[in-house]
Amino acid sequence: MKRRTLLAGGAAATTLAAAPLRAQSPTEIKVLYSIPDLFKTLHEQIAVEFMKANPQYKVTFLAPQPGYEEVAQATLRAAVTNTLPDVVYHGLNRQRVFYDRGLAQPLDPLIAADPDFKSYGHAPGLLDIGRFGGKQLGIGFSVSTPIIYYNLDLVTKAGGDPAALPATWDGIFELARKVKALGGATQGFHFDWDITGNWMWQALVFSNRGTMLTADEKKVAFDGPAGKTGIETLGRMVTEGTMRDVGQNVSLQDFTAGTMGIWGHSTSRLGGVTKQIGDKFKLRTGPFPVQPDGRLPLGGNVAMLFAKDAAHQKAAWEYIKFATGPVGATMMVQATGYFPRRWRRPTIPSC
Amino acid sequence: MTTTALTLAAERGRRRSGQARAEAIAAYLLSAPAMLCLLGILLLPTLATFVLSFTDWQFGAPTFRWIGLGNYTQLATDRVFWRSLSNTVLYVAVVVPLSVGLGLGVALLIEAGTSGRAFYRAAYFLPVTATLIAMATVWEIMLHPSVGLINVLLDGLGLPKQNWLKNPDLALFALAGIGIWQALGLNMVLLLAGLKAIPRDLYEAAAIDGADGPWTRFVTVTLPMLGPALSFVLIISAIRSFQVFDTVAVLTEGGPNKATEVLLYTMYQEGFSFFRAGYGAAITVVFLAFVLLLTLIKARVAEKRVHYS
Amino acid sequence: MSAFAAFRHVVLAAGAIVMLAPFIWLLSLAVKPADEIFTTDLRLLPERWDAVRNFTEAFAKVPLHRYLLNGVIVTASIFTLQVLVALPAAYALAKLRFGMARPLFALVLLGLLIPAHVPAIPHYIMLSSAGLLNSYPALILPSVISVFGIFWIRQFFRTVPDDLIHAARLDGLSEFSIVWRIMLPAAMPALTAFGILSVVFHWNDYFWPLLVVTSPDMAMPALGTVYLRNTEAGTDYGPLMAGTAVITAPLVIAFLFAQRRFIEGMTLTGLKG
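Protein chains in written order, with this note's numbering: chain U, 1 to 351; chain L, 1001 to 1309; chain A, 2001 to 2273.
To be clear, the hints were calculated from the coordinates, so they are not data collected in a lab.
Mixed in with the good hints, there may be bad ones.
As the list claims (entries may be wrong) - Pairs of lysine-lysine, DSS-like flavour, derived with a Cα cap of 30 Å:
1. U:Lys178 / L:Lys1196
2. U:Lys180 / L:Lys1298
3. U:Lys40 / L:Lys1298
4. U:Lys275 / L:Lys1166
5. L:Lys1258 / U:Lys219
6. U:Lys178 / L:Lys1166
7. U:Lys135 / U:Lys178
8. L:Lys1258 / A:Lys2095
9. U:Lys135 / U:Lys219
10. U:Lys228 / U:Lys40
11. U:Lys228 / L:Lys1258
12. L:Lys1161 / U:Lys157
13. U:Lys280 / L:Lys1161
14. U:Lys40 / U:Lys218
15. U:Lys280 / L:Lys1166
16. U:Lys135 / U:Lys308
17. U:Lys180 / U:Lys228
18. L:Lys1161 / U:Lys228
19. U:Lys180 / L:Lys1161
Taking the hints into account, I'd like the entire structure generated from these sequences.
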């Protein structure tokens, strides 16, 4: 009798002692992102800070995919094999697939139940780019636009005016020809038209006052005058702008090595490129030529929620708030060239 | 007396049949794991691939339909598939003769002298064991259009620099070059074994008959004796290069414009990137058919080798 | 040195340089800083050594040690299981009489005709339904059956004298003990060659890990190289080359130490097809 009560007491005591230990095993948040050469260090830093502030959560990263197309692929495959991560960073132009297939979890119920959310101060624009069918599916993590990078040393050497960078394609092509005429291995100009999602092609269309689809999304609209101008501009880049047929890797290497004068790319690389260039040459960015009333498409990615059970949804929501919130954004701006969250430029989302 | 002998004989017989049964039982137990794995991991899944190729199943879809030869008729009109197949055949047609021919040349040269054999053998064989994906990354840098080693050397020789991996006319050949680099050592080693197996007295006999020069010796003794080994190596090389995947997946992803699209890569794309499991299975069956053909030729060639020796 | 000997060395050496060039260049780039990598000045040794930064960057960016560890764990597990499955069966096929001997061997020969990629889609489906994707079982299980192993070891066993086995039976050993106490040691030469073939193939395999692995911790060496490549894409080739050198090193070093065995083992790919 006595021994049994002792044993029972002992068992109860051990269970009580173990209970808080068991409850403390952190909830795992699985995160998937892409473009690791831009974002790996940043995401890892954000995760470290988040886990410091929230020791009850543990962020683990799946192997990052090379780009937005691949991460969309990987998510679809994960949906099919029932191995969806909790949070995935998708390209702006890839959200639609997950809305159409009902795979992305709407954030509205979590926002409604969260009194803290307003205090994070997310700019309305960051929320707008993630709204589909009246539901909040993604929150903007990093946003960028097309821009023109200039190697001022080469520009000056070629006789251009560093204080008056060209604002039209003609101006850019003329400057490019001058830079190329410097000879040797120097290249004049490159335009990364092969950036994911045909984004730079969209830039050419939007900047010429066009759109991809008609407003009812039933017909193609980029075959109009804006599109024609866009295609002609692309052609002129080669015939008048000295552009060669090389990939993004090559143009990035050429520019950071200081052998290319003008480079059309995304603001996303600004931070990384500045670091790589160091004091090799003077770097300046200039505006992407836009017609009056023309616009530029946004690029970048949003954080989307895929976790289905309540516990993981809550954990993932805290993480999403943190990563897209003030702390995450500050780290982002320092690491890359993406905008600080409170941007005000009037742009339209790429679709 | 006779009864005892008969009883003893019956006893022995019973023991032997008892032994035979014990032996059989032991054999079944010993081979059971292999039998189960063979069926469950190799044969049934292969059968499943066949069966899958007659459906339109997509990964994750809750249902599928039997479409008979539907996938195959679609393959027959699929431009990408035909491009893929022809690219693969072209790749094999470039890699096999060159890697075997060069392998033979190297083997002959190594055998022709005595110094440095171990070193040369190791040097030529090293690429065979190295991780191809890793070395492909190095090749990519060496093939860089402006600062790659290859182009800098070409430039030094006064030849124009080439955009090896982005030029649709050159990309497949650049990959074939890497394939030859990797396969040469294996072919060389197999041919070395074949060369060593040629009896010395044949050369002496030929010398007595007046066939003394190196070229004549090669043509009258080496080549005929090496014939079976050579055919064997050619076929093996063909089977291996037909299965090219790694370099395509990492360096070109089938591009530019499907210039380097190969059969296994198409199977991977259709089956796992586009989730068309049924279609991917059909491509796998075509792939299997080709490899089977090559393997059966190999079996015939191998038989001849046995008869020769 | 005779003219021919000189000619032989010149040609072989020139070829050897081409064969070894990527390895030499790999090491050269792994110790150079970025600006010396992107230059048309060809130089074997760097002006400024950046090896420390390149290698520490590589290890910091991706879990290189994990890729190598997985390589060891997975290839060792696969080979061990292959032997556990194949050796007894090979013995049974070579030395024992039983009804299923012929059909089983016919199935083994049939299996030899099937390239590794053919059952890939069903394997993926099976593992996915079992919830086993992205795990060691996913990397190991499909390769546990090696029909080539069964075939190769059986051929070898047929050359082992029957008296050895009869003597063991007379000593009272069970067939099971015979397999592991007598046949296994006797098969060492065949097993060494087969082992090298198996380990090299699975260490270098890219196709299957590409399909089943999604987290960096489970990556195998070849897949790990691609992860490293994605992380350094186009920006920092020094660490990329440093990491690649680390991943390539184990097999290269093993080869240099055991050349004859490696060559013996790899020539089996000829029989394996």
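Evaluation of the provided hints:
| no. | hint | in the structure |
| --- | --- | --- |
| 1 | U:Lys178 / L:Lys1196 | violated (65 Å) |
| 2 | U:Lys180 / L:Lys1298 | violated (57 Å) |
| 3 | U:Lys40 / L:Lys1298 | violated (49 Å) |
| 4 | U:Lys275 / L:Lys1166 | holds (28 Å) |
| 5 | L:Lys1258 / U:Lys219 | holds (29 Å) |
| 6 | U:Lys178 / L:Lys1166 | holds (27 Å) |
| 7 | U:Lys135 / U:Lys178 | violated (51 Å) |
| 8 | L:Lys1258 / A:Lys2095 | violated (52 Å) |
| 9 | U:Lys135 / U:Lys219 | holds (24 Å) |
| 10 | U:Lys228 / U:Lys40 | violated (38 Å) |
| 11 | U:Lys228 / L:Lys1258 | holds (27 Å) |
| 12 | L:Lys1161 / U:Lys157 | holds (26 Å) |
| 13 | U:Lys280 / L:Lys1161 | holds (26 Å) |
| 14 | U:Lys40 / U:Lys218 | violated (38 Å) |
| 15 | U:Lys280 / L:Lys1166 | holds (29 Å) |
| 16 | U:Lys135 / U:Lys308 | holds (16 Å) |
| 17 | U:Lys180 / U:Lys228 | holds (27 Å) |
| 18 | L:Lys1161 / U:Lys228 | violated (34 Å) |
| 19 | U:Lys180 / L:Lys1161 | holds (18 Å) |
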